[in-house]
Amino acid sequence: MRLGYDDTTDPTKVTSVPVVSTVVAVLLVPIPDWQCTVDLAFTEIRICGGGQPQVSRRLAAALDDLLRITPEARRPPLLAQRDLLERAVAEHVPAPGNRAFALAPDRQGIG
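Mapping of the sequence shown onto UniProt numbering: residues 1 to 111, in sequence order.
Just so you know, these hints were derived from the structure itself, not from any lab. Bear in mind the structure is a predicted one, so any value in this text is a computation, not a measurement. C-beta: ideal position from N, C-alpha, C; glycine also. It is possible that part of the hints are untrue.
Claimed, not checked - Computed beta-carbon distance windows for the label pairs:
#1 T37 - Q108: 22 to 32 Å
#2 A104 - A25: 47 to 57 Å
#3 V26 - N98: 51 to 61 Å
#4 Q108 - V24: 44 to 54 Å
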């Protein structure tokens, strides 16, 4: 409320005048950039399932599909994830033949 003068009566009398105010709230939501989005999509799955061929093959397929359709400027995070996937599989699957199988992209899953 603000103080004002009441013109209709005594000019020396001070009265309360209601003031209407508007409060605008702005919600700021951070939008993750491409790097964060790629990391969010692949990191935890790779860490937990990098040694499981069903998981590694599906991740390889997803990364390869994205690399095929993603503009050149957005490929580095995908390439980094592909490299990390290869390292995770190498760590968990020592036999070269099995490692090649675990890294072969599979969009359907092996069962």
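Quick rundown of the hints versus the structure:
1. T37 - Q108: 22 to 32 Å: Once the Cβ atoms are compared, 25 Å apart, the range 22 to 32 Å for Q108 and T37 holds.
2. A104 - A25: 47 to 57 Å: holds, 52 Å
3. V26 - N98: 51 to 61 Å: Since the Cβ atoms of V26 and N98 sit about 54 Å apart, the hinted range of 51 to 61 Å holds.
4. Q108 - V24: 44 to 54 Å: holds, 51 Å
The earlier numbered hints are all upheld by this structure, with none contradicted.
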